[in-house]
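If you read the sequence shown in full-length UniProt numbering, its first letter stands for residue 1, the second for the next number, and so on.
You may find that some hints are simply not true.
The calculated label-pair distances, taken between Cβ atoms and stated as ranges, are [what the hints assert, rightly or not]:
#1 W186 with H77: 47 to 53 Å
#2 W186 with L8: 19 to 25 Å
#3 N179 with N150: 40 to 46 Å
#4 I184 with R11: 21 to 27 Å
#5 S75 with G153: 42 to 48 Å
#6 K174 with V34: 29 to 35 Å
#7 G140 with R175: 35 to 41 Å
For the record, the hints were derived by calculation from the structure and aren't laboratory data. Where a beta carbon is used, it is the ideal one built from N, C-alpha and C, also for glycine.
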Amino acid sequence: MHLQEGLLTRRTIYKFKKDSIDPAIIQRALESAVHAPNHKMTQPWHFYVLQREAKTKLAQRKKEMKWEGFLDKESDHAKKAGEAAYEYINDLPAVIVVTAHRYSVDPVREREDYAAVCCAVENFMLALWSEGVGSKWSTGGLVNDGEIHNIIGAGEEESAAAVLYVGYPSEIPKRQQRNVEESITWVDETEYPG
1 MHLQEGLLTR RTIYKFKKDS IDPAIIQRAL ESAVHAPNHK MTQPWHFYVL
51 QREAKTKLAQ RKKEMKWEGF LDKESDHAKK AGEAAYEYIN DLPAVIVVTA
101 HRYSVDPVRE REDYAAVCCA VENFMLALWS EGVGSKWSTG GLVNDGEIHN
151 IIGAGEEESA AAVLYVGYPS EIPKRQQRNV EESITWVDET EYPG
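Modelling step: build the complete structure from the supplied sequences, incorporating the hints.
Set out below in structure tokens:
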């Protein structure tokens, strides 16, 4: 797959097959990830590839977080939502948590490093896609939950940036139309310079 094709065809995958992924594919994607641009070669990322026990702990935490959102935690709806969240994560072929180094004394460096981590995540996802493996980049509840550090064994100097759900797609969402012209302004040109 050519790079441009990967950029234009990659989709966020929500439904995954349970088929296992060859660890060599994950390793190649990680190799691509760490070649992301980063200011001053800080390489501010760390990728935690969760194995069985850690993945189960993460699934359990997601289940608890679902329950916390319900007033009646014993209701059938709360129980089903919690179990669905647990099964979704626990059944995934791979889960990767990505952290960024934290620099509380230098907010500019912290921002630059977070941007570099995002580039690394995108490289990782595109490398997977080039091998037919899909992914979903989650930045929601688990990323902002302090318990994730205990689950993965991250240090105090790390901040969770992404939870990546990885597997072969059981369905690929249709591409949503995007108007590139609405996102571009050519400065000091009256029209497209090409």
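W186 and L8, beta-carbon distance inside 19 to 25 Å? The hint (19 to 25 Å, Cβ to Cβ) holds, given that W186 and L8 are roughly 22 Å apart.
Is it true that K174 and V34 lie within 29 to 35 Å of each other by Cβ? About 32 Å separates the Cβ atoms of K174 and V34, which means 29 to 35 Å holds.
Pairwise beta carbon distance, W186 to H77, judged against the given window 47 to 53 Å: holds, 52 Å
Given the hint of 42 to 48 Å, is the C-beta distance from S75 to G153 inside that range or not? violated, 34 Å
Between G140 and R175, does the beta-carbon spacing fit 35 to 41 Å? With Cβ atoms ~23 Å apart, the hint is violated.
Within 21 to 27 Å or not, the Cβ separation of I184 and R11? holds, 23 Å
Is 40 to 46 Å right for how far apart the beta carbons of N179 and N150 are? 44 Å Cβ-Cβ, so the 40 to 46 Å window holds.
In this structure, the hints that do not hold are numbers 5, 7, in rising order.
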